[in-house]
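Generate the whole structure from the sequences, applying the supplied hints.
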Amino acid sequence: MAAPEVHQPIPLVMRPAAPIPVQPLTAPSVASVVLPDGRIVTGYAINPAQPGPVVAKPVVSRAAVNIALGGFGFLAVCGGLLLLTTFIAALTALVTQLIILAAVIFGGWIAVQVFSASGHQGGGTTVNIRKAVIKRSHFRG
Numbered sequence: 001m002a003a004p005e006v007h008q009p010i011p012l013v014m015r016p017a018a019p020i021p022v023q024p025l026t027a028p029s030v031a032s033v034v035l036p037d038g039r040i041v042t043g044y045a046i047n048p049a050q051p052g053p054v055v056a057k058p059v060v061s062r063a064a065v066n067i068a069l070g071g072f073g074f075l076a077v078c079g080g081l082l083l084l085t086t087f088i089a090a091l092t093a094l095v096t097q098l099i100i101l102a103a104v105i106f107g108g109w110i111a112v113q114v115f116s117a118s119g120h121q122g123g124g125t126t127v128n129i130r131k132a133v134i135k136r137s138h139f140r141g
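Numbering (our numbering), first residue to last: 1 to 141.
One thing to keep in mind: the hints can contain errors.
Pairwise CB distance ranges (calculated) [claimed, not checked]:
1) 106 to 81: 31 to 39 Å
2) 52 to 19: 56 to 64 Å
3) 55 to 30: 33 to 41 Å
These aren't lab readings, by the way, just hints derived from the structure by calculation.
We put the beta carbon where it would ideally sit given N, CA and C, even for glycine.
Written out as structure tokens, the structure reads:
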């Protein structure tokens, strides 16, 4: 049986937070308004909230620009693939024609060798048999 593992808790050290800057205490200005019926309303003046600066929206959204750029990239890739397949087809046709040309040339060379052997050209031995007489299984020429 294995001995149990004991884990001791590690105390957390709390660091004091940075002091929050406090603005000096100033009493806000008090405004009094006299209503037409003679009543006086007193209260604190509240400055209206200033709207933040208006950010001009682009004429075309970023998503539309990204989609358009992706479309142009896709068209470029498709054009490149079309050129690549055309190049491969042309290369295949060239190799095929070279093989056929080699077969024709080699076949012609073989034909010349076969048909020229019947003539007196070349280094072969020519034997002319004219009046051969065969007697008693002996050949005399």
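The hints, checked one at a time:
1. 106 to 81: 31 to 39 Å: Given a distance of about 37 Å, which is inside 31 to 39 Å, the answer is holds.
2. 52 to 19: 56 to 64 Å: This hint is violated: roughly 29 Å between Cβ atoms.
3. 55 to 30: 33 to 41 Å: 37 Å, holds
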